[in-house]
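Trainee: Residue strings, one per chain:
Number of protein chains: 2
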Amino acid sequence: MLVRKIKSGTVIDHIPAGRALMVLRILEITGREGYRLAVVMNVESKKLGRKDIVKIEDRFMEGEEVDKIALVAPTATINIIRDYKIVEKRKVSAPRLLEGILRCTNPTCITRKEREPVTPRFRLVEGKKLRYQCLYCGTIIEEDEILEQLIGRNP
Amino acid sequence: MLVRKIKSGTVIDHIPAGRALMVLRILEITGREGYRLAVVMNVESKKLGRKDIVKIEDRFMEGEEVDKIALVAPTATINIIRDYKIVEKRKVSAPRLLEGILRCTNPTCITRKEREPVTPRFRLVEGKKLRYQCLYCGTIIEEDEILEQLIGRNP
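Here the protein sequences line up with chains C and S, keeping their order.
Numbering follows this note's numbering, in which position 5 of the first sequence is assigned residue number 5; successive positions increment by one, without gaps.
Numbering follows this note's numbering, in which position 55 of the second sequence is assigned residue number 55; successive positions increment by one, without gaps.
Bound-form chain C, shown alone (with noise of 0.2 angstroms):
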């Protein structure tokens, strides 16, 4: 079975082995809005040991999708294709600031307050694993409740 290159689109490498499905739910990509793809999974890559690869036919990111699939997806790298060739490579990262895309898990938090509405913030706590800390509370967010928060329990 060939997987034809795509004419135009994005291809997501080097997605650590078993979180395309993660990938595709953080692009809110069910199947069901036709969008040509195709998805490996726990295939040999030299760098990963495994990894996962995604393909989609004309569609790209954003911003904030591209900041979310750094979280799920760190190690990613993110290839658009126009006309078959590579227009544009670029390599995920864990952003240094996120603005309003986690939820602060203390519920005594500021951004919690529904009367108040302050936009959840967050800086990068460096290191191996992804933390992150709320800028109002202090509270540490870690990877488990990040992929919790961004593609529900049962991904």
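Hint data in this document are derived by calculation from the structure and do not stem from the laboratory.
A couple of the hints might just be wrong.
Keeping only pairs whose Cα atoms sit at most 16 angstroms apart, straight-line, the calculated EDC-like set for lysine to aspartate or glutamate is [said to hold, decoys possible]:
| no. | chain 1 | residue 1 | chain 2 | residue 2 |
| --- | --- | --- | --- | --- |
| 1 | S | K89 | S | E148 |
| 2 | C | K128 | C | E116 |
| 3 | S | K5 | C | E44 |
| 4 | C | K5 | S | E44 |
| 5 | S | K7 | S | E57 |
| 6 | C | K47 | C | D13 |
Covered stretches of chain S (in silico footprint by chain C; criterion: 3 or more residues with CB under 8 angstroms from a CB of chain C, positions within the stretch not fixed) [what the hints assert, rightly or not]:
| no. | segment |
| --- | --- |
| 7 | 17-25 |
| 8 | 29-36 |
| 9 | 41-49 |
Facing chain S, from chain C, some residues (calculated, C-beta under 10 angstroms) [stated by the list, open to error]:
| no. | residue |
| --- | --- |
| 10 | G18 |
| 11 | R19 |
| 12 | R36 |
| 13 | L37 |
| 14 | A38 |
| 15 | V40 |
| 16 | N42 |
| 17 | V43 |
| 18 | D52 |
| 19 | A70 |
In this text, all values refer to a predicted model and were calculated from it rather than measured experimentally.
Don't be surprised by glycine CBs; every beta carbon is placed ideally from N, CA and C.
Model the placement of chain S on the given structure of chain C, informed by the hints.
Mentor: Relative to chain C, chain S alone:
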């Protein structure tokens, strides 16, 4: 990108366009089980116009799984591959009698009483649309409800 021939496993072909991820859900495959797999969605098909295909290495289907696949992908063909060859090819078909897979939607149906556990049984109602009738209370279950029971609201 070449999705190689698989040595051993299952190819589910002729899935109605947009339903491949539902099939993965039914098989409880999230990707993190480690199976090497490929999914293509919304590709051309002579038979169906558009279709989806799922290939899974080293994973085979059991009886109840095949019945569930038939419910979400009634046009599917299941090819069993061993040693790079198709050793079995079968078309799924909606089972005439379903036992224990669906739940009757009538809350007063005897199959819903906790004190007298009765396995739900449904018969296929002939016709173009997928419909099942409860053998106990006569309630008809339509396709939307069937999909919801099998894969949840947010497939």
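Trainee: With reference to the structure, classify each hint as holding or not holding.
Mentor: How the hints compare with the structure:
The hinted pair formed by S/K89 and S/E148 fails the criterion: a straight-line CA distance of about 28 angstroms is larger than 16 angstroms. A distance of roughly 34 angstroms separates the Cα atoms of C/K128 and C/E116; the hinted pair therefore is violated under the 16 angstroms criterion. Straight-line distance between C-alpha atoms of S/K5 and C/E44 comes to about 15 angstroms, which keeps the hinted pair within the 16 angstroms bound. Restraint check for C/K5 and S/E44: the C-alpha separation of about 15 angstroms stays at or below 16 angstroms, so the hint holds.
Restraint check for S/K7 and S/E57: the C-alpha separation of about 7 angstroms stays at or below 16 angstroms, so the hint holds. A threshold of 16 angstroms between alpha carbons decides the hint, and for C/K47 with C/D13 the separation of about 11 angstroms falls inside it, so the pair holds. Beta-carbon proximity to chain C at under 8 angstroms applies to 6 residues in the segment 17-25 of chain S; the threshold of 3 is reached and the given coverage holds. Coverage of the segment 29-36 of chain S by chain C holds [criterion: at least 3 residues with CB-CB distance below 8 angstroms; count 7].
Evaluation of the coverage hint for the segment 41-49 of chain S: fulfilled, as 3 residues show C-beta separations to chain C shorter than 8 angstroms, against a requirement of three. At a threshold of 10 angstroms, the smallest CB-CB gap from C/G18 to chain S is about 4 angstroms, leaving the interface hint in force. Checking C/R19 against chain S by beta carbon gives a least distance of about 7 angstroms; that is within 10 angstroms, so the hint holds. Using the Cβ-Cβ criterion of 10 angstroms, the hint placing C/R36 at the interface with chain S is satisfied: the shortest such distance is roughly 5 angstroms.
Annotation: interface hint on C/L37 holds; nearest CB of chain S at approximately 5 angstroms, less than 10 angstroms. For C/A38, the interface hint holds, the least distance from its beta-carbon to any beta-carbon of chain S being 5 angstroms, beneath 10 angstroms. With 10 angstroms as the threshold, the beta carbon of C/V40 comes within range of chain S, its nearest partner Cβ sitting at about 5 angstroms, so the hint holds. Against a cut-off of 10 angstroms between C-beta atoms, the interface hint on C/N42 holds, since the closest Cβ of chain S lies about 5 angstroms away.
A hinted interface residue such as C/V43 counts as satisfied when its beta carbon comes closer than 10 angstroms to some beta carbon of chain S; here the least separation is about 6 angstroms, so the hint holds. Because the beta carbon of C/D52 sits about 7 angstroms from the nearest beta carbon in chain S, less than 10 angstroms, this interface hint is met. Evaluation of the C/A70 hint against chain S yields a violated restraint, the C-beta minimum of about 19 angstroms exceeding 10 angstroms.
Violated hints, in rising order: 1, 2, 19; the structure is consistent with all others.
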